[in-house]
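Using the supplied hints, reconstruct the complex from the two chains, each of which is provided in its own coordinate frame.
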Amino acid sequence: MKFTKDHEWVEVTGDTALVGITAYAANALGDVVFVEVPAPGTALKKGDSFAVVESVKAASDVYAPVSGDVIDANNDLTSSPDTVNASPEGAGWIAKVKLTNPSELDELMDRDAYEAYLSTL
Amino acid sequence: MPDSSTPLKSTPLFDRHVALGARMVPFAGYNMPVQYDGVLAEHKWTRESAGLFDVSHMGQARLTGADAVATLETLTPTDFATLVLGKQKYSLLLNAEGGILDDWMVSRPEGNGFFLVVNAACKDQDFEILAENIIGDSHFEVLGDRALLALQGPKAKDVMQSVCPAACELYFMECGSFDLLGQTAFVSRSGYTGEDGFEISVPNAIVGELWDLLLTHDVVKPIGLGARDSLRLEAGMPLYGHEMDVGYTLVEANLGFAMQKSRLTRGDIRGIDRIRQQLDGGLDRVRVAIRVLEGPPAREGAKILSEDGAELGIVTSGVPSPSLGYSIAMGYVPPASSALGTKLKLEVRGKPYAAEIVTLPFVKNGYHRKPKA
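So the protein sequences, as listed, match chains W and Z. So for the first sequence, our numbering puts the first residue at 55; every next one is plus one. So for the second sequence, our numbering puts the first residue at 211; every next one is plus one.
Same shape as in the complex, but just chain Z (with noise of 0.2 Å):
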């Protein structure tokens, strides 16, 4: 983590964000924005129209050679082997033991090796574990002169169709590269909404006439970093640092995705005695996802309980959905304790409240999927 007494770092967007009316806040080290017109009307915008976010803060690498695939498999639970040209993964740094030291999106936009997106807060420590790790002919590079912009909800393909039409042809989990204003965009069709939409990385020196040109769209405004929090709250998503780090393992955080069965069955995994062992029933919690049924939110930190007040884990986010009218939350229990309907009581201010365990996503996502062959 960054430390305060450090000067706050900008994306190239500062000054649009200020003119914009933004209230500008430290997260990571950078200088965000996390509201414009209101977490609540930005929330709803994204999920109705289209939201445009400045994610510019977060890390940017790209990783090349004949041995790049071995040098990331050393470090994730994922199979890079079959992640081809045009393609996007969802994968994690794990530690030696298998604890997650941060979630990563890996794809393949171009012939040219693996782009990597990271999380603000631990990008300085993942690029140096990236650059001791390198394994025989792979190179690695931060790509420092880029910044990242998402463009999240139902009507953004609309947006796109008229900014970069050929990143339309994308399906959910895929990835381009596109000329877009003489540059090269890496534009990949995911995000942290569980809307249709997409990330678009540019050069930081094309960054603010992108954003200005997106912008003309009516049906597309800025959201701070408020509304993606309960956005992503909402689509079930994970966020490092609260949901996962080094303490957490991929089983625990419910993000068996993040690894293939293939490298289960070679067991070239960090942590992989640890994580089997899981597996195989030797799990102590897991992540869930929580509805509250009365009272007020339960935000991190509040104590699950059993309907007889026996203590269960903790909430690790919580956030009065705007969508759906009622307090969401996602916390750690025993296995026990982790199935649909499951009542129990979460701890607010002292008092407890009734709430049960739901399935996730809270919101059903509008990803544009591939359809089956």
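Chain W on its own, in the form it takes in the complex (with noise of 0.2 Å):
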């Protein structure tokens, strides 16, 4: 799993990957009542917002950590948004993603690199 400055990560099977937010981000935004999902065929670049997750206070936006085409969206966050507090590294993940620049994942951070960003703010 790889991660970004913005709280989000990635996690790469072959030429796809499950992107979704951190549970530091989950845990900083609180409850979440509500996420939008992108709709499969959705053309992401990098650092383009994808999807929303809600809280009772805000809406978030969330960054795609890659660039690449979306082939499935978590459809199951629409009727139950509390699996993002749940498991927001798991079965809390936001879409999958058919990768169209694999080099932009040595941009991002493994999991030893990431705790210590966190442990910096």
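Hint data in this document are derived by calculation from the structure and do not stem from the laboratory. Hints may be right or wrong, so weigh each one.
Unchecked claim - Example chain Z residues on the side facing chain W (calculated, C-beta under 10 Å, incomplete): (1) Q245; (2) G248; (3) H253; (4) A280; (5) G436; (6) R509; (7) P530; (8) E557; (9) R559.
What the hints assert, rightly or not - Far from chain Z, by Cβ distances over 12 Å, these chain W residues were calculated: (10) K111; (11) A167; (12) E169.
Said to hold, decoys possible - Calculated lysine-lysine pairs in the DSSO-like style (CA-CA distance at most 27 Å, straight line): (13) Z:K297 x Z:K574; (14) Z:K561 x W:K100; (15) Z:K561 x W:K150.
For glycine and all other residues, C-beta sits at the position ideal for the given N, C-alpha and C.
Here is the structure:
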């Protein structure tokens, strides 16, 4: 699993990847009550806002950690948005993408680097 | 509004909030707890049990003297001659054009004049205006040495029964002066959640002790500003800077209850011509309650559209309602589109979603009202 400074994660299997928000982000947001997932077919450029996660207090954009085409979205989050809090880096995944520029993965942090980054916040 | 470069102020309870694990955020120049356990849990706790809020950032002041009524009536649309000892009224500070500068709770907890509670973000402005508009024999005093707690929820009265039993005799919008921990407390039976509850003003010196004492009751939990906002929204209560500001009149903001007929008849209200004209049908927009029927929550700034896409107005506050399980909002639309059941669209992130006008409040209030004689 790799991480961004905006607290998204990406888990690569072959040429596809699951993306979501980190436990740190889910905790900072508080109780998630609404998730807007992207439509399959959407072409994402790294850094694009591709989903919205909302708590009682606020709506937060989720940014694409890598470029890719959305091939699936976690529609379970529509009825159970709290899965993002319960399992942010597992069942709370947001979208599955087909990577279009896998070299971007090299720019992301591994778990150790991400944790070190969190300790500076 | 406070300058963002000035250091944040704290209430006397700052250390207690941090010790309770609160997430502290800047609000109106103060470092305030936005949540402790989480907004959802705190919201529900207040609706079902009793929530304790530190609202010591709000301004407190006292106005005394034979002409105190005249001073207050110069600045507001409220009839203060009829505000007798032991009662509380909601009022509005108006500018010369009838625009709303702030909303106030004014009470008479003791024989010695009026007790004012004003918004934190507006207090410097309000106190300056009051000081500049003193009439005849009236004396204005900022009570900077007092803190303010709100205890809200259906079990608030059970807790007050042991902490300050005499205050439990109060009905909704009544107040009194009580001995509490050896000091004088101004207590009103009111609040900003739609629940039964109390607001308790005490000297800073004992607020820590009172906070700790209230939290020894298992039914009481501390509640942050996050849940305070979702609770007041469900109760249909406006928030200064959102549902109202100098650009709105009390007619537009649907706050006519802050104005008494006696004042309207006398015609000595700031902006009276505009207010009369709006009451006579010359109204372009009015505050309404909106239920979101599909899609994401609509928040402040979302456009309100007619069913066929014409722009009607704007959302001033919105929240996914923890009590109701759907999203609610308040906003402004032309009177012709304000009837109950009117279908609307709310635009969120560029897409329109179905909504409709509903009645205020969204959630039934739990006030301890005085039985009608």
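To see whether the hints hold, each was checked on the structure:
1. Of the supplied interface hints, the one on Q245 of chain Z holds, with its beta-carbon coming within about 7 Å of a beta-carbon of chain W, less than 10 Å.
2. The interface hint given for G248 of chain Z holds, since its Cβ lies 5 Å from the closest Cβ of chain W, which is under the 10 Å cut-off.
3. Interface restraint check for H253 of chain Z: the shortest CB-CB distance to chain W comes to about 7 Å, inside 10 Å, so the restraint holds.
4. Interface restraint check: A280 of chain Z against chain W, minimum CB-CB distance 42 Å, threshold 10 Å, status violated.
5. At a threshold of 10 Å, the smallest CB-CB gap from G436 of chain Z to chain W is about 5 Å, leaving the interface hint in force.
6. The beta carbon of R509 of chain Z is positioned within 10 Å of a beta carbon in chain W (closest approach about 6 Å), and the interface hint is therefore held.
7. This hint holds: P530 of chain Z has a C-beta 4 Å from the nearest C-beta of chain W, less than the 10 Å allowed.
8. Interface hint at E557 of chain Z: violated, since its Cβ lies 14 Å from the closest Cβ of chain W, which is beyond the 10 Å cut-off.
9. With a cut of 10 Å, the hint placing R559 of chain Z at the interface with chain W holds, because the nearest CB-to-CB distance is about 7 Å.
10. Not every C-beta of chain Z lies more than 12 Å from that of K111 of chain W, the closest at about 5 Å, which undercuts listing it as non-interface.
11. Listed as outside the interface, A167 of chain W is consistent with that label: its C-beta sits roughly 26 Å from the nearest C-beta of chain Z, beyond the 12 Å cut-off.
12. Residue placement check: E169 of chain W keeps its beta carbon more than 12 Å from all beta carbons of chain Z (closest about 21 Å).
13. Distance restraint check for K297 of chain Z and K574 of chain Z: the Cα-Cα separation of roughly 23 Å lies within the 27 Å cut-off, and the hinted pair is therefore satisfied.
14. Only pairs whose Cα atoms come within 27 Å are accepted, and K561 of chain Z paired with K100 of chain W is accepted, the gap being roughly 23 Å.
15. Restraint check for K561 of chain Z and K150 of chain W: the C-alpha separation of about 24 Å stays at or below 27 Å, so the hint holds.
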